[in-house]
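Colleague: Now for the letters of each chain:
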Amino acid sequence: MKLNKYFERSLWVFHLNTGSCNGCDIEIVAGLTPRYDLERFGIKLVGSPKHADVLLVTGPVTSKMLDRVKRVYEQTPDPKAVIVVGACGTSGGVFYNSYNISGSVDKVIPVDVYVPGCPPRPEAIINGVLQAWIKLEKLRESMKVARVK
Amino acid sequence: MNKESYSIPIGPVHPSLKEPMTFNFEIYGERIEKVNLAPGDNHRGIEFMGRQRNPIQIIYLAERICGICSASHPFAFCRAVENAAGIEVPERAQYIRVIIAELERIHSHILWAGVAAHELGFDSVLYLSWRAREKVLDLLEDLTGNRINYGIFMIGGVRRDISEEQIPRIRETLEYYKDIYGKIEDIFLNDPTIALRTKNVGVLTKEDALRLCAVGPTTRASGINKDIRQDQPYSAYADLEVKAITPDVLTGEVNGDVYDRIIVRLLELVQSIQIIEQCLDNMPSGEIVVEKKLVKLLNQLKKAKGEGIGRHEAPRGEVIHYVKLNESELPEVWKARAPTYNNLMTWVPMLIGQQIADIPIVIASIDPCIACMDRVTILNKANGQKDTLTKKDLHELSVQKTRRIAP
Ligand code: SF4
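In order, the protein sequences belong to chains A and B. Its first residue numbered 70, the first sequence is counted upward by one per residue in the numbering used here. Its first residue numbered 15, the second sequence is counted upward by one per residue in the numbering used here.
Hints are computed from structural coordinates only; laboratory data are not their basis. Where hints are given, some of them may not hold.
[Claimed, not checked] The following residues of chain A were derived to be distant from chain B, with all beta-carbon distances above 12 Å:
hint	residue
1	F110
2	I112
3	S132
4	K133
5	V151
6	V163
7	V177
8	P189
9	N196
10	L199
11	E206
12	V217
[As the list claims (entries may be wrong)] DSS-like mimics (lysine-lysine), calculated; alpha carbons at most 25 Å apart, straight line:
hint	chain 1	residue 1	chain 2	residue 2
13	A	K176	A	K213
14	B	K349	A	K133
15	B	K192	B	K220
16	A	K207	A	K149
17	A	K113	B	K149
18	A	K149	A	K176
[Unchecked claim] Which chain B residues stay away from chain A? Per the calculated CB distances, all over 10 Å, these:
hint	residue
19	R58
20	R78
21	L224
22	E343
The structure displayed is predicted, hence computed values, not measured ones. From the three backbone atoms N, C-alpha and C, an ideal C-beta is built for every residue, glycine too.
Using the sequences and the hints, build the whole thing.
Modeller: In structure tokens:
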């Protein structure tokens, strides 16, 4: 069954923790488990960025993780979307003035969707994933058109 | 290193670990010979940032040291500042603090039970236990305004009262957990497959636990009778009877294996329910905070001079905060020590001699919240060949072992 034109296929998500406090991470898992149940739409977490359509990044980027974030981003196949969950990945949040933090994820890799909150509720995370999905499908569409041309 | 042994680096990217962390295992055949840990990937410089903020701002920073223990760190921090500045906390606030802290323990232990089941390949138990956990999160949201990072602690008390209307709701939630506890216990303690995968796996002897200064359920499962709530009662715990739980309460023996750690956590669930009930029965009325006006409180703290220590038994063990105030707006020193810091090194004696497939459950058994591990590269030194094991392969190995030994 097709829910609407954006639900063409299952969305696989890779979750990357770049130094978060874990608050956002457990809310992401809460979003996948029965109360909110993202998995019913075929959205699931995968174990390798090479399998993923979407990168879900939480946390400010610590200096030790800086390189790894870039590498994970490069390993994710195109077309891809990046979602930042939580205030500290969006702007640094409470960790804004540390010596070991580069501030926000968008200083390191391009970001498509921001989910504000500290931590955001699972509903907000689900909404963020859907925004990324819509964006991704549009991207795919335009790639298809380009190929036909 | 032996010719046939090879090394497996794990991390630092593994999605559900509290701190991204790097492990290096030396493996001989299937057996782990050596374990090296390299933490530091999650270093955010919390204490450094704390020295540039005033104590009230630090409460919110302390809360975000860890999102799962988001009552424990502010609890310990507030107690440290109160200790340093000589502030007496009203009795009612003491009780509310304990209620929130114990609700957090319920949520944390159920979360852990789900993660442990996932590591063994019982994903349905993961989903069911996380569904059960939502009930306590709803209650916490009702009481504090947020599901995680409650923001209820304040120096000299708490920020929100528990109203009369909320008490039936708390009792109802506790009843719910009493109802389902039998089921949870049945799944974890009577299931033959779980017993096979966890008994005599990841053993931590009493000597090692003492030597490595392990804390919390990890040390109690090795038979050490240690619990801050019992040894140095504070807040409302002083009025209640809290006994450290060791596995021999249930089975009459102590093995210090993963199974014993499960027992301790499950029994602590029941204990938390009892503590909250006692608190509700005996809760005194009165003020909830010493000083309502924050500016006044800050001024008082600005003039304070002294050192203070705050300890609290978090779900994972003892957390200690140390604060030194020196008549200035910013604290001169702030030091926080979380329980996983102590428990980290217990992985080494636990893992040596185990199989690769046991790594996930043993690592999860001290509750550092590892649910998945990401990339594992097996480097075969003999022929220089490189194979990559993803977290999925590792998980698959673990699931296969469960299948293999399941009766
Ligand atoms: S946004 Fe807040 S809750 Fe989420 S990881 Fe950052 S500090 Fe933790």
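Colleague: Would you mind marking each hint as holding or not holding in the structure?
Modeller: Hint by hint, here is what the structure shows:
1. F110: holds (16 Å)
2. I112: Holds, since 15 Å exceeds 12 Å.
3. S132: The assertion about A:S132 is violated, with a minimum of 8 Å to chain B.
4. K133: violated (5 Å)
5. V151: Since the minimum Cβ distance to chain B is about 15 Å, A:V151 lies beyond 12 Å and the statement holds.
6. V163: violated (5 Å)
7. V177: A:V177 is indeed farther than 12 Å from all Cβ atoms of chain B, at 14 Å.
8. P189: A:P189 is in fact no farther than 12 Å from some Cβ atom of chain B, at 10 Å.
9. N196: Consistent with the label, A:N196 stays out of reach of chain B, its closest Cβ about 16 Å off (over 12 Å).
10. L199: holds (20 Å)
11. E206: holds (25 Å)
12. V217: Per Cβ check, A:V217 is outside 12 Å of chain B; nearest 35 Å; holds.
13. A:K176 <-> A:K213: This hinted pair is violated, its Cα atoms lying about 30 Å apart.
14. B:K349 <-> A:K133: holds (22 Å)
15. B:K192 <-> B:K220: Violated. B:K192 to B:K220 sits at ~32 Å, over the 25 Å cutoff.
16. A:K207 <-> A:K149: Since the Cα atoms of A:K207 and A:K149 sit roughly 11 Å apart, the hinted pair holds (cutoff 25 Å).
17. A:K113 <-> B:K149: holds (23 Å)
18. A:K149 <-> A:K176: Given pair A:K149, A:K176 holds - Cα atoms ~18 Å apart, limit 25 Å.
19. R58: Given that some Cβ of chain A is not farther than 10 Å from that of B:R58, nearest at about 5 Å, it is violated.
20. R78: violated (4 Å)
21. L224: holds (29 Å)
22. E343: holds (16 Å)
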